[in-house]
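Engineer: Once you have looked at the hints, place chain V on chain F.
Sequences listed follow chains F and V, in order. Heads up, the first sequence is in this note's numbering, so the first residue is 1 and it goes up one at a time. Heads up, the second sequence is in this note's numbering, so the first residue is 411 and it goes up one at a time.
Be aware that a few hints might be false.
[What the hints assert, rightly or not] Once the Cα atoms are required to be at most 27 Å apart in a straight line, the calculated DSSO-like pairs of lysine-lysine come out as:
(1) F:178 to F:77
(2) V:775 to F:273
(3) F:304 to F:273
(4) F:273 to F:394
(5) F:365 to V:683
(6) F:334 to V:683
(7) V:714 to V:683
(8) V:744 to V:588
(9) F:178 to F:122
(10) V:588 to V:487
(11) V:532 to V:588
(12) F:273 to V:744
Simulated from the structure, these hints should not be mistaken for laboratory data. Every value quoted in this text rests on a predicted model; they were computed, and no experiment measured them.
2 protein chains.
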Amino acid sequence: MRIKRFFNKRLRSVRLPFHPRAYSDDIPASGAWSIDKGVGNRNFLKVVDGQPFVLESGETLEHIEMAYETWGELSEKSDNAVLVCHALTGDSHAYGDIEEGHPTPGWWNGLIGPGCALDTEKYFIVCVNVLGGCQGSTGPASINPKTGKQFGPDFPVITIRDIVRCQRRVADHLGIDKWNCVIGGSMGGMQVLEWGVMFPDRVSSLAPLATTLRASAQQIAWSAIGRTSLSLDPRFRGGNYYRAAPGDGPTAGLAIARSLAQTTYRSEEVYSKRFGRHLVDPRSIYGLWDRFQVESYLDYHGEKLARRFDANSYLVLNRAMDLHDLERDRGSLKNALERIARVPVITLSISSDALYPAYQQEELKEAINQAGGDCEYHMIDSPDGHDGFLLAVKEIGVHLESFLSKVSTK
Amino acid sequence: MRIKRFFNKRLRSVRLPFHPRAYSDDIPASGAWSIDKGVGNRNFLKVVDGQPFVLESGETLEHIEMAYETWGELSEKSDNAVLVCHALTGDSHAYGDIEEGHPTPGWWNGLIGPGCALDTEKYFIVCVNVLGGCQGSTGPASINPKTGKQFGPDFPVITIRDIVRCQRRVADHLGIDKWNCVIGGSMGGMQVLEWGVMFPDRVSSLAPLATTLRASAQQIAWSAIGRTSLSLDPRFRGGNYYRAAPGDGPTAGLAIARSLAQTTYRSEEVYSKRFGRHLVDPRSIYGLWDRFQVESYLDYHGEKLARRFDANSYLVLNRAMDLHDLERDRGSLKNALERIARVPVITLSISSDALYPAYQQEELKEAINQAGGDCEYHMIDSPDGHDGFLLAVKEIGVHLESFLSKVSTK
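Chain F on its own, in the form it takes in the complex:
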């Protein structure tokens, strides 16, 4: 009963064990675990062993907490667990309704749920807010134990590998030796790939969607422009804005960065069909700041993110994406992919994705298969651009369900 209640809790947070030595992909799990129940469905799980957690950069974090949610129940053999990895501005609320602490419904509703491809009646599904995030896990807005104040710009640069090592601690805690599948799109897909390289014995299958082996120059360009725009906001104050009065933070800068990103996430076709050249006020056209509806839409998305997301987290996670490169410090891409190649992989492209173009997923498939792996590839026909990985849940579900059924019978 206690276990069942435990697993039915939607959102928990893990304080990770301090890592007792220099950075290595294959860290041992150690330390003592504890769980704190938070507000509403929020629970905080902490692991402390008195040594700092060493990041890939060599920087350390004394305290790490991980917020996560679960749905369904872990089987007796612990072989039905699926890890869902969220994208840049996502959080652990991959599935469910709007509820306390979650102003938006689950970002992968339709793919996750009873009867869905990620069937909550069948799988035990886990989603962890990433390290560096701002939805319950340790990030720049967390208290720096060295100063008693929020980290702000002192929060170290993290990598996708650091994020995955934190997720592994959650797996250890939950008693999951091997994920049935690790799945995610975009930045989530980067985590999926790193799971395959870093911990190939802890996964039975991988589903990296709309993602890439390495951030491309154009992806870095968009990220960098967004980050610099944000930093131009005078209220950013070099990242030291936490003690600013309400509304006096860098919301305008974060909103601009988001507007830019939002445009790369969608497609020319969708913008044309949805907004065309319609004005907000057809009588106001000749003012320099009179607005078209597409501008109003961008403002809306920018302001919406600025209300729920921390600007320093935005910077740190964008940088983590820029640094994503499966090959880095591994001698060769082949070395990395030979580890991924041990398990079946599915990758999907969104036909209209200009940010993570289809050639990147085709390259991923080819590279894995050349390394001796078994990677299947499908193109999802969707006009929604990169956001198709969040929106085309029905089409993704068809391929995923078929893939998982084969994995399950192996």
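Structural biologist: This is chain V only, laid out in the frame that chain F set:
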């Protein structure tokens, strides 16, 4: 001799006649003309008739000056004149070397020049800095005669139609009743199309390249994000930055806007090949603001533009592009295109152009031909994205030369 010397002058400026009545596409040319020689090759041509120039918005400008350059000589029949229309951050220096007042060589060198498609031995070529610009023509940095100070944010919103009406005054002044061809890419192509709609009897052919019948929602989005980013720079001061100390203007904001635009101008392929994931300093990777080479490239282009371009001009001209819509206030697109359809048209796409995608030029061709016109269309195979219209001069030249030879014999 005097005429020859006159036409050999590279850069001149026209002060336009005040327009004596409310806005109309088909304004009469009137007023007295005068020429001032400026610094170096710069000449200022002024036309004043004591009435304000009425813009499409209904706003007025008391004084208008136009800077332009010419190459080659006007034939006795005045039938060899070609108007070259520049894009957003271009200027009248379409052809030539770096020289006083021109820190960069001609932006269409290779397409214009002796033996080129726009052969300066054959054609009399004219390029006018646009109204709203900052390279000699009246714009936000010009003195507002009402206040004796620079316009700044008081400069009115202008449209492509206003720009074209100013160019027509230059044509009147030069004694060019009919352009052999009006040619331009991007914002230049918008001007070409408006020439065809507003003054169909003043053109023998049109070459709108890598452009569109109307700014699309995505094009407006990119423009708006750039403009908002610029305005976020605290040194923008709402546009009132002209009296700031050197270096205290909104250069950072303008640089960001340019970086963003630059990314939309090029292509994923070019960025990947040129920059890949190379770091500026391979030893500096884990700092939040450590840079990849692509970031350094964007900084360079941003700062370069910020040194030579006025931020308020950037805003005004971007807005003019957003407002570009051949159909506006003309009842229907068909009404507009039936005027363009009176003369032969050539349009070209750049295969990798994501900002002005090929479908827009295909649509242009279809629409003109459906309106009874004769529009030929070619795709230029180039990896350079939208900037291909500036870079693929050889390929553009082949099509243009063939097109012009047919026009000339008609």
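Engineer: Which numbered hints turn out to be false for this structure?
Structural biologist: none
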